[in-house]
Amino acid sequence: MSTTEPAAPASRPTDETLLTVEDLEVAFATEDGLVEAVDGVSFELKAGEVLAIVGESGSGKSVTAMTLMGLTRSPNARFSGTAHYEGTELIGASEDELRRVRGAEIAMVFQDPMTSLNPVHKIGDQIIEQIQEHEAMPDQQARERTIELLERVGIPRARDRIDSYPFEFSGGMRQRVMIALALSCDPSILIADEPTTALDVTIQAQILQRVRDLREETGAAVILVTHDLGVVADIADRIAVMYAGRIIEEGTLDQIFYDPQHPYTWGLLGSITRVDRPRPERLPAIRGLPPSLADRPQGCHFRPRCPHEFAKCPEVPPLESRVEGAPGHRDRCWLSVEEKRERREVRPGEIGLPDKEEEAPAA
Amino acid sequence: MSVETAPAPPTGAAAGDGDVPLVSVEHLKVFFPIKQGIVVDREVARVHAVNDVTLSIAEGETLGLVGESGCGKTTMSRTIMRLIDATEGTIRFRGDDITAAGHKQMAPLRRQMQMVFQDPFASLNPRKRVGQIIGMPLRLHGNSRNQIEPKVRELLARVGLQPEHINRYPHEFSGGQRQRIGVARALALEPKLIVLDEPVSALDVSVQAQIINLLDDLQDDFRLTYLFVAHDLSVVRHVSDRIAVMYLGKVMEVSPSEELYTKPIHPYTFALLSAIPVPDPEENRRRERIVVSGEPPNPIDPPSGCVFHPRCPRATDICREVEPPLTRYPNGHLAACHHPLNVSPEEIKAAIKDGTSPLSCGEELPAPSEGNGSRPSADRQA
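Residue numbers (the working numbering), protein chains in the order written: chain G, 1 to 363; chain F, 1001 to 1382.
No wet-lab data here; the hints were simulated from the structure. Hints should not be assumed to be uniformly reliable.
Label-pair distances were calculated between CB atoms; the ranges are [said to hold, decoys possible]:
| # | chain 1 | residue 1 | chain 2 | residue 2 | range |
| --- | --- | --- | --- | --- | --- |
| 1 | F | R1286 | G | A77 | 38 to 46 angstroms |
| 2 | G | P156 | F | K1128 | 45 to 53 angstroms |
| 3 | G | R347 | F | R1286 | 52 to 60 angstroms |
| 4 | F | R1127 | G | A77 | 24 to 32 angstroms |
Positions of the beta carbon are idealized from the N, C-alpha and C atoms, including for glycine.
The task is simple: from the sequences and hints, build the whole structure.
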């Protein structure tokens, strides 16, 4: 493992910025008080790139993605910040404005293919409905287009299967239908929330291959929300790591994997079980638990679990570029870059967090 | 469990290798009938969930049982626990046949075999306090009330929870903590065997590592035997001494843990391994991947010959016609394939049909020609 310069990403995202999210905050009023699910998230999405938002449950990654689609609007939700997509400000947009964008410009694939399709409608009709909602198109033409879409996502005998109900499909096939549905209006942004988590690995490999091909063909940008760093390494161009509602580190694929700056990222990288390595004696776990979103620690949220905590940590570290020559690589940690590079290796060549206190609070 | 402490596992042979394995199944079949009819239920078909499996687990060993959804791994583990009845075959615990044991006969054995379930949110009664949940097995097995509480506190501490939390409800805990409660409940009766059905797949990665480490420590302390059922090959690598790979109700490969990853013999195992993305971008780009096409066929009507042949890139006529026997290679590595990977011609010549092969398989062993035994181009050696 080497410290690499920001390598050229495998694909070719252009410089055109599609989506700019600035200082997004989402809070929900609950019985336990105000839960700040997303706390000042800013990022940019360029045309044709795959941005992975990585984090554990409760990190705010799904809420961020769903808020862009206006899917978290509820009476108890509070929003601030902006998200600009081609002249539309999504956070403050009216339902009518959003409806024009949703599906046509920004489409979403959800985690659970078992529950995200309507069980009482034929899959073809569900796709045709979406096409005709956004485009005036005669039935027959919409049907042909749907068959074409189903073929493109790899559904065999699409002409026959178009009249099937969701229950007649396996999980992998349903997820393909979801992707076909999402692609039906040629969106320029595809938001995929844990698209392969519910699937078997061989099917996951097929779906990821499909997403990769489609990106090549259509040039759509993808926001991939996931907890699986294997999937990320496979498909992403850039990564934003979230923890307790904040982006704590952001950079290209190689920057995050080979020059990670935030201790939480080290812990995350260190605690994955790897199929391509002999097992270590013990897995380096991150001690403790993620904080409750209703009651987060002052300053750096990762502070109580971090073995490298010091006097400056109770102040909120800004998300800024700290590594010289890598302006896109930003993180929220007060340690100096030299200290980080020195401390993150628990064993030669291995990044992680030291297993300092065994008796630390259990998860 | 460190590799050194692992006892030499009696690979393959169900019984007769000297030591009696803690648990063994012989030619186990579990079929679920599909019934139709309004007045009279007629059986119209059968789901072949587990289809002639022979396996054994030695005391102190961790056997990983892996496969994709629908391969029969969960049915298999539940049948061993006697939660599902076997259609055919024998289940033995310490050599005693328990296939048809009744409630009375099972009661003392239940104490020795416990289970941890996949979903820590669904497997704990939300209306019971933690103390009641963990204390229940103790009460059922005749401990008095004042014996139970100190024992529960001790168990809580042992699995890394605070003993003061004895009066809390499950909803007050996170997923990882709940899974610790599930583990404490399984430990309460000091069992010999714990069946772990996807114990970490519902948890976040950083918490997964904590639970795996805990299971590891407990195994050392209590000399436990684990049957670790999972779909995630990378987690299984970190816990198992031996791994059995299942596909469509059949055992495809049984191997010492490390060898399965460096030297997969069955093309299905190789495909499974290569489908897993590695969390290392450079490694990922370098690695040649095989994406197997298609999906597992319907277990109501499994394919003839080798059940993997419709998806296998190496399949030939013999695969379509003859079910391959489980063939024994060095190190107790078994694989049911006519065209094995990663074995030398000498190893193929020396290979023998293993006694654990299904009854319906053919006699023909792989021939040391036709490209058999070749390494796939993607090198998996770490």
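Do the hints match the structure? See the list:
1. Distance hint for R1286(F) and A77(G): a CB-CB separation of about 45 angstroms, consistent with the stated range 38 to 46 angstroms.
2. At about 49 angstroms, the beta-carbon gap between P156(G) and K1128(F) stays in the expected band of 45 to 53 angstroms.
3. Taking the beta carbon of each, R347(G) and R1286(F) are about 22 angstroms apart, not inside 52 to 60 angstroms as hinted.
4. A C-beta distance of roughly 31 angstroms is found between R1127(F) and A77(G), which places it inside the suggested range of 24 to 32 angstroms.
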